[in-house]
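Participant: Single-letter residue listing:
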Amino acid sequence: MGKGMENSIKYVLGSEEILEAMSGLAGREPFSEELLGFCGEVSKELMKTPAGKNYPDIVTLGFWLRRGSTEKLRKRFLVEDGNIHMGRGVVFHVAPSNVPVNFAYSLFAGLLCGNANVVRIPSRDFQQIRIIVDALEKALREYPNMRSYLCLVRYGHEKEVNDRLSAMCDVRIIWGGDAVVAEIRKSSLKPRASEITFADRFSLAVIDAAKYASSDGQEKRKIARAFYNDTYLTDQNACTSPRIIVWLNTARNKREEVAATREEFWKGLWEIVEAEYTFQDIQGVNKLTKKYLLAADAETGVSRSRLPDGVDNRLVCVEIDRVEKKAAGYFDNAGFFLEYVTEDVLNLAELCNDDRCQTIGYLGAKEMLLPLIKAGVRGIDRVVPVGHTMDFDLIWDGYNLAERLTRVVSL
Amino acid sequence: MTQGKYNIGNWKSIMDYDEYLTLKPYEQGGQEKRRLLSRRISDLVCLHAGRCPEYRRMLEVDGFTKEKNDMVAGGKLSYEDVPFLPVRLFKELSLKSVDQDEVVKTMTSSGTTGQAVSRIYLDRTTSMNQQKVLAKIVSDFTGASRMPMLIIDCPSVVKDRRMFSARGAGILGFSIFGRDKVYALRDADMGLDVETVEAFLQKHQGEKILLFGFTFMIWQYFYKELVRLKEQGISFDLSEGILIHGGGWKKLANEAVSAEEFKRALAEACGIARVHDYYGMAEQTGCIYMECECGHLHASVFSDVIVRNPKDFSVCGTGEEGILEVISSIPESYPGHCLLTEDIGVILGEDDCPCGRKGKYFKVNGRLKNAEIRGCSDTYEMKR
Chain F
6 MGKGMENSIK YVLGSEEILE AMSGLAGREP FSEELLGFCG EVSKELMKTP
56 AGKNYPDIVT LGFWLRRGST EKLRKRFLVE DGNIHMGRGV VFHVAPSNVP
106 VNFAYSLFAG LLCGNANVVR IPSRDFQQIR IIVDALEKAL REYPNMRSYL
156 CLVRYGHEKE VNDRLSAMCD VRIIWGGDAV VAEIRKSSLK PRASEITFAD
206 RFSLAVIDAA KYASSDGQEK RKIARAFYND TYLTDQNACT SPRIIVWLNT
256 ARNKREEVAA TREEFWKGLW EIVEAEYTFQ DIQGVNKLTK KYLLAADAET
306 GVSRSRLPDG VDNRLVCVEI DRVEKKAAGY FDNAGFFLEY VTEDVLNLAE
356 LCNDDRCQTI GYLGAKEMLL PLIKAGVRGI DRVVPVGHTM DFDLIWDGYN
406 LAERLTRVVS L
Chain E
4 MTQGKYNIGN WKSIMDYDEY LTLKPYEQGG QEKRRLLSRR ISDLVCLHAG
54 RCPEYRRMLE VDGFTKEKND MVAGGKLSYE DVPFLPVRLF KELSLKSVDQ
104 DEVVKTMTSS GTTGQAVSRI YLDRTTSMNQ QKVLAKIVSD FTGASRMPML
154 IIDCPSVVKD RRMFSARGAG ILGFSIFGRD KVYALRDADM GLDVETVEAF
204 LQKHQGEKIL LFGFTFMIWQ YFYKELVRLK EQGISFDLSE GILIHGGGWK
254 KLANEAVSAE EFKRALAEAC GIARVHDYYG MAEQTGCIYM ECECGHLHAS
304 VFSDVIVRNP KDFSVCGTGE EGILEVISSI PESYPGHCLL TEDIGVILGE
354 DDCPCGRKGK YFKVNGRLKN AEIRGCSDTY EMKR
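Heads up: the protein sequence lines correspond to chains F and E, in order. If you want the numbering used here, it's the 1-based position in the first sequence plus 5. If you want the numbering used here, it's the 1-based position in the second sequence plus 3.
Just chain F, with the same shape it has in the complex (with noise of 0.2 Å):
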C-alpha cells in the first residue's frame, strides 16, 4: 500500500483497520440467521425512521430487507444440495453515482451471501445515504459482529484506491455503465477473483392496448403510476427505465382506436408528470435535439404522437412506423419516448437481438412475450410487469448474483 493513500479514502461506515484485516475474513454461510437477523434489524431502523417516509426509495429496500422477504430469498437460492456453499471473501463494489440507493442493494446482496464489502458509494451526498447509514449504525450495535463485514467509502477517482481494492477482492461488482466498466478494468484482480460488471442497458415497456383500453379508471391511475415510478422517478434514465413504449395490438383493432387508447393513456401519466416532474430548463433542448436527429436519421416516416392538450416539454413522445437496431441510438431521458404499435411481437426482433437489451416492463399477458423471447435474441434478461422494472432481484441483468457471489465446498 503506497504511503498517504488511506487518505484519500473517506470511511463513511467502518475503517482503515476493518478494510486492512477484511481479506483475512473467512467467507461465512450465506442466508445465515444472523445475516437474516441483521438484514431485519436494518429493515425496522428503515421503516421507522420518519426521514424515511419521504422517499419511497428507502421504504422499497426497508421493504426488501425485511425478515419475510429475506426467507424467501433464503428459500429460493439457498442450495440444499449435500455441497456446502460460502461467501466467496470480499466483495468490492462500485455503485453508480447518480442513483442514490442502489449501493445498498449491491452491499446487501453481497452480504446476504456471506461475504465481506467494501463499497465505493456515491459522492453526491444523498439524503437516503445517510438515512441508510444511519439504519447500519444502529442495527450494527445490535450486530456487533458484523462491523468487519462492512465498510462504505468514498473516494475521487483514484487508480490507487481502485488499484487496492481490486487486489484485495474476490469479487469485483461494477455498476455505472460502460465508461465505468473500462475505466476500473485498468485494475487488475487476483488470479482467482471474478467480476460483474453492470454495462450500458436499455429497456422497453410492451403494452396490450385492447388490456390497457379495457382497464376501468382507477387501474388506469394505478398503471400511470406504476409507469411514472419505472421512468420518470429515475430521470428515465436507469438501465430498467423503457426507452419505448411498444404498443402491441393484438385484438387487431383499428389504428385509429388504439391513438385513442395512446392518448388516454399519456394523459393519465401527464397528470402525475404535470404535478411532480421536476424539470431542467436544458432537457426540452436535449429533448428536442433528440428528436430532430431521430427525424432526420429515418427515411421511412417519423410522426410526432398525439398527446393531451396543455403537455409541454416535461413528455415528449415520437411515433417511429419500423423498429431498427439503430432505435436505440435516439433513446434518450427525463421523458423522452418512442411510441411502436404493431400487430405482431416478432416486429421487435431485430432491437431486441441487441445484448443491450435488458427489461421488457409488460402490460398483459406475459406470454404474448414468448414467441420474441423464443426467437431467440441476443438480449432481454428480465420481463416485469409494468410498475415493477426497478424491483431488486439475486437474479439482476442476466446474473445469479447468489451463484456469482459464493463458492461451493463439494462434499
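No lab work stands behind these hints, which were simulated from the structure alone. Using N, Cα and C, we set each Cβ at its ideal position, and we do this for glycine too.
The following label-pair restraints were derived from C-beta to C-beta distances:
# : chain 1 : residue 1 : chain 2 : residue 2 : range
1 : E       : Leu24     : F       : Lys164    : 56 to 64 Å
2 : E       : Lys372    : F       : His162    : 20 to 28 Å
3 : F       : Ile277    : E       : Ser317    : 20 to 28 Å
4 : E       : Lys314    : F       : Asp221    : 26 to 34 Å
5 : E       : Lys314    : F       : Arg327    : 27 to 35 Å
6 : F       : Lys272    : E       : Glu70     : 23 to 31 Å
7 : E       : Met193    : F       : Lys272    : 56 to 64 Å
Below 25 Å or equal to it, Euclidean Cα-Cα: the simulated DMTMM-like pairs (lysine to aspartate or glutamate) are:
#  : chain 1 : residue 1 : chain 2 : residue 2
8  : E       : Lys254    : E       : Glu228
9  : E       : Lys233    : E       : Asp192
10 : F       : Lys330    : E       : Glu57
11 : E       : Lys372    : F       : Glu279
12 : E       : Lys314    : F       : Glu269
13 : F       : Lys330    : E       : Asp65
14 : E       : Lys206    : E       : Glu271
15 : E       : Lys71     : F       : Asp314
16 : E       : Lys69     : F       : Asp302
17 : E       : Lys211    : E       : Asp143
18 : E       : Lys372    : F       : Asp130
19 : F       : Lys330    : F       : Asp349
20 : F       : Lys49     : F       : Asp398
21 : E       : Lys314    : F       : Glu279
22 : E       : Lys71     : F       : Asp317
23 : F       : Lys272    : F       : Asp314
24 : E       : Lys69     : F       : Glu324
25 : E       : Lys71     : F       : Asp302
26 : E       : Lys69     : F       : Asp314
27 : F       : Lys259    : F       : Glu324
28 : F       : Lys331    : E       : Glu95
29 : F       : Lys216    : F       : Glu269
30 : E       : Lys366    : F       : Asp286
31 : F       : Lys216    : F       : Glu372
32 : E       : Lys266    : E       : Asp196
33 : E       : Lys69     : F       : Asp326
34 : F       : Lys77     : F       : Asp396
35 : E       : Lys314    : E       : Glu95
36 : F       : Lys272    : F       : Glu262
Using the hints provided, position chain E relative to the given structure of chain F.
Facilitator: Just chain E, lined up with the frame of chain F:
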C-alpha cells in the same frame, strides 16, 4: 405524412432578397418588419425543405406542412411559428442545401458543448450576403468610411482560408471595415506587440481607428498588458478608437468582469470611450446583434431574436427570461434560418430604444445549465 409535401428542387423565391438587402438595418419596426421577415423565412423554409432532406423530415415530424408555411408567407402566421433547430444539430449532422462543389467555405465553431464542432457550409451567395449584411449593420455604428484597423488577436488565427474558426471568421468578416490592418498580438506567445502598436498609432495620430477582437482575448492579452505597461510608464492613447468585440462573457464571468466593468477598465487603461459588444454565432454569421450606445443588443431588419419559455417553447413577453431563438434571413446553403441557442436572455423592448434604432433590443443573461440527472450509467469524469 402525405399532405403538404414540399416540392423538391424547384424552389423559386417569392421575394427578391437583393432588394431586401438594400434596406437600412434599423428603420423597419413592428408589423412591417414582421411581414418582411416572415416572407423571407417562409421562402427559406421552402428552399431548405426542397434541398435538404433531413430538414424536410424535421418539419414533417413537427407537422409543419406546406400549407402552414404558406400562412407564414401570407401573414396569418409568422416566423415565430416556424420550427427552430437546436444549434447543437450542426455538430451532429452535416446539414446543407447545396451540392458539395458549390461550397466555398466551411465554418466551424466550438460553440456550446465542448468537443464537438459545428460545421456550417457556405456557398458563394450566402457568403456574400453575410458580408453585405454585416457591413450594413456595422457601418450603422462606425460610419461608412474605412478606418485604420487594429486587430486584437494574432495573425495565425486566419491562416487556413477554407476552414474557418469562429474567431478567424469574425476577424475576416470585420476586416472589410478597416484599412491598414495590423495585428496587435504576436503568434508565438499571444504577447502584445508593443512596437507594432506604437508604430500604428504614430502613423494614424488624430485619425479615428477601429479596434476589433474577442472579449476574452481583449481582456486577457490586451487590457491586462496595458495595465502592466502603464505601471512602467508606457501608455497608449486610444481615445479616438471604436472597439467592437464579441464572443461572449462566459470566460470572463469566471474573473467576475461585468460588461460595465469591462468598459470602465478599458477607458481607464487607454482612454477608449466607444466600446460595442456584439452577440452572434458562427451558425448565423452576418446577422450580428450590436450593442448600441445605451448598452442594448439590437436585432436588425435582417434578423430577429425570440425568447422562448424553456418549459413549452412558447414565446415569452418583454422582460421575461427564456431561451434565445435567433432568426436570420441570410442562409441559403444550410438550414440555419431559425435556430434555438442554448443562451438565455430577455427582450428589453421593441422599436423604442432611446438610441433611435427600430427592432427588438435585448440582453443575454448567460447559458443554460447542463442537466443533473439520476440513472445507472455514470458520466465518468477522468481524473487528470
